[in-house]
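Asks: Following the hints, complete the assembly by docking chain B onto the known chain A.
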Amino acid sequence: MIPPAFEYLRPKTIPEAITLLQQHGEDAKILSGGQSLIPMMKLRIARPAYLIDINRISGLSYIKEEDGFLKIGGLTREAELEASSLVRAKYPILIDTAHVIADPQVRNLATVAGNLAHGDPANDHPATMLALDAQVVATGSRGERVIAIEDFFLSLFSTALQPDEILTEIRIPLALPHSGGAYFKLERKVGDFATAAVAAQVTLDRSGAVQKVGIGLTNVGPTPIKVQKAENFLRGKKPDEANIRQAAQLAADDAQPSSDLRGPAEYKKGLIKELAKRALARAAERAGK
Amino acid sequence: MAKKQLITVKVNGREREAAVEPRLLLVHFIRESLQLTGTHIGCDTSHCGACTVVLNGKTVKSCTMFAVQADGAEILTVEGLASSAGQLHALQEGFKQEHGLQCGFCTPGMLMSSYALLHNNPNPSEEEIRRGISGNLCRCTGYQNIVGAVQYAAAKMGKAESEAHVAEGVAQ
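Taken in sequence, the protein lines are chains A and B.
For the first sequence, the working numbering gives the first residue as 71, with consecutive numbering after it.
For the second sequence, the working numbering gives the first residue as 318, with consecutive numbering after it.
Chain A extracted, bound-state conformation:
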């Protein structure tokens, strides 16, 4: 399949890239990992007139703890996230997530920021970032602004990014002591989108009760879903089997799946309940260590 013709632009700096975005507006797309965009261009679902390749911009590839956040650069690849000893030690939910995204070749190119900026509710990092209460940094012609991840996903394939903005950094609040997270996904085969998936992150207090909790759902609605009812229910309670079961039910109640090739809506609701149970139990277990 041959994609439609486009002009290829390769800026060396962020300001240069933003100028190009301003010039070409909605006719331009950012080319980062390209692992969603290029298949869409080949299917001619996407037909950008200009591709702005940001891969040669230096200084956008990093994973570091700084100023109260784990910061992930806008060009950090999924494979780099998977290989990070810092992430492995302190943010296991990110490893769970990166592990089940597409396949090794795709993860070598695909970026974490692209996984969010694409705005696809079937992507895996959005739910995880909702569970982690992350923020994203959007850099545009008026400088940088920080967007809470809860305000980022507007509708199907639509995010809070303006046409002249680039997602340059992801910020995750530093892992607190006694916190842990997990991501559970059911996929039909390696590389498939989730039939459904659940991300859960919990922090326990001294008594072992849930102090902080975040739960996000993948591919069961037009956007990734943060299930606040389930979070509110669990806060202040012990993460025992009965409470986890109740929270998982509340999470399933908030899912809005549609029936498709991956299964009927009712099945997906049931799946969310089961995956939420498993994700919360694993998160609590990791937090307790």
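The set of hints was computed from the structure by calculation and includes no laboratory data.
Please read these numbers as outputs of a predicted model, since none were measured by experiment.
Glycine is no exception: its CB is placed at the ideal position from the N, C-alpha and C atoms.
A portion of the hints provided could be inaccurate.
[As the list claims (entries may be wrong)] Pairwise CB distance ranges, derived in the manner of DEER restraints:
| # | chain 1 | residue 1 | chain 2 | residue 2 | range |
| --- | --- | --- | --- | --- | --- |
| 1 | B | K413 | A | A75 | 20 to 30 Å |
| 2 | B | R447 | A | P85 | 42 to 52 Å |
| 3 | A | P233 | B | C457 | 46 to 56 Å |
[To be verified] Covered stretches of chain B, as calculated for chain A (at least 3 residues, CB under 8 Å):
| # | region |
| --- | --- |
| 4 | 319-332 |
| 5 | 364-376 |
| 6 | 382-388 |
| 7 | 401-413 |
| 8 | 438-452 |
[What the hints assert, rightly or not] With a cut-off of at most 20 Å between alpha-carbon atoms, the simulated EDC-like pairs for lysine to aspartate or glutamate come out as follows:
| # | chain 1 | residue 1 | chain 2 | residue 2 |
| --- | --- | --- | --- | --- |
| 9 | A | K307 | A | E355 |
| 10 | A | K259 | B | E445 |
| 11 | A | K343 | A | D330 |
| 12 | A | K112 | B | E349 |
| 13 | B | K375 | B | E391 |
| 14 | B | K375 | B | E338 |
| 15 | B | K375 | A | E152 |
| 16 | A | K99 | B | E338 |
| 17 | B | K320 | A | D123 |
| 18 | B | K321 | A | E77 |
| 19 | A | K112 | B | E391 |
| 20 | B | K320 | A | E355 |
| 21 | B | K320 | A | E77 |
| 22 | A | K82 | B | D361 |
| 23 | A | K112 | B | E444 |
| 24 | A | K82 | A | D123 |
| 25 | B | K375 | A | D203 |
| 26 | A | K259 | B | E338 |
| 27 | A | K259 | B | E444 |
| 28 | A | K141 | A | E214 |
| 29 | B | K321 | A | D123 |
| 30 | A | K259 | B | D361 |
Replies: Positioned in the frame of chain A, the structure of chain B alone reads:
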């Protein structure tokens, strides 16, 4: 038609220069411009991994990347695995010895993924091998013999390595 762009890439050790249309996919550049047809086009939708090449040390699906993006890169394709004297790479030998292929269509991609796997992890467990080739589909073998082929190559490469160390020690 968009303006052609001049790119330079090093493929299997040889520098190649070409003017390419931006929309030209890397796999078409490799197969049609360079006439290296060992790299296959399977699904053309980023699922099957038949088009896998090693780019700057990492496996990529060459059907899901534009040739212009590879400007300045070093690429290894299946043609670059055997020595110039025609001696098979340990992986190629392994696939032959262990019957790691039947129809052979997925084999170039399997070889390149296995090559990158062994480069990063010379002594992988069976699970690590299965995970390493999880982006490559084979519709014939059921994967069992492919895993065996990679194990064969890992053992052979490990043995060659330790013999080299011994020889080095003797020389010293």
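Asks: Evaluate each hint against the coordinates.
Replies: Status of the hints after comparison with the structure:
no.	hint	result
1	K413/B to A75/A: 20 to 30 Å	violated (43 Å)
2	R447/B to P85/A: 42 to 52 Å	holds (45 Å)
3	P233/A to C457/B: 46 to 56 Å	holds (48 Å)
4	319-332	holds (count 3)
5	364-376	holds (count 5)
6	382-388	holds (count 4)
7	401-413	violated (count 0)
8	438-452	holds (count 4)
9	K307/A to E355/A	holds (15 Å)
10	K259/A to E445/B	holds (17 Å)
11	K343/A to D330/A	holds (19 Å)
12	K112/A to E349/B	holds (18 Å)
13	K375/B to E391/B	holds (10 Å)
14	K375/B to E338/B	violated (24 Å)
15	K375/B to E152/A	holds (14 Å)
16	K99/A to E338/B	holds (18 Å)
17	K320/B to D123/A	holds (16 Å)
18	K321/B to E77/A	holds (9 Å)
19	K112/A to E391/B	violated (25 Å)
20	K320/B to E355/A	violated (57 Å)
21	K320/B to E77/A	holds (7 Å)
22	K82/A to D361/B	violated (30 Å)
23	K112/A to E444/B	violated (33 Å)
24	K82/A to D123/A	holds (9 Å)
25	K375/B to D203/A	violated (32 Å)
26	K259/A to E338/B	violated (35 Å)
27	K259/A to E444/B	holds (16 Å)
28	K141/A to E214/A	holds (15 Å)
29	K321/B to D123/A	holds (16 Å)
30	K259/A to D361/B	holds (18 Å)
The structure does not agree with the numbered hints 1, 7, 14, 19, 20, 22, 23, 25, 26 stated previously, though it agrees with the rest.
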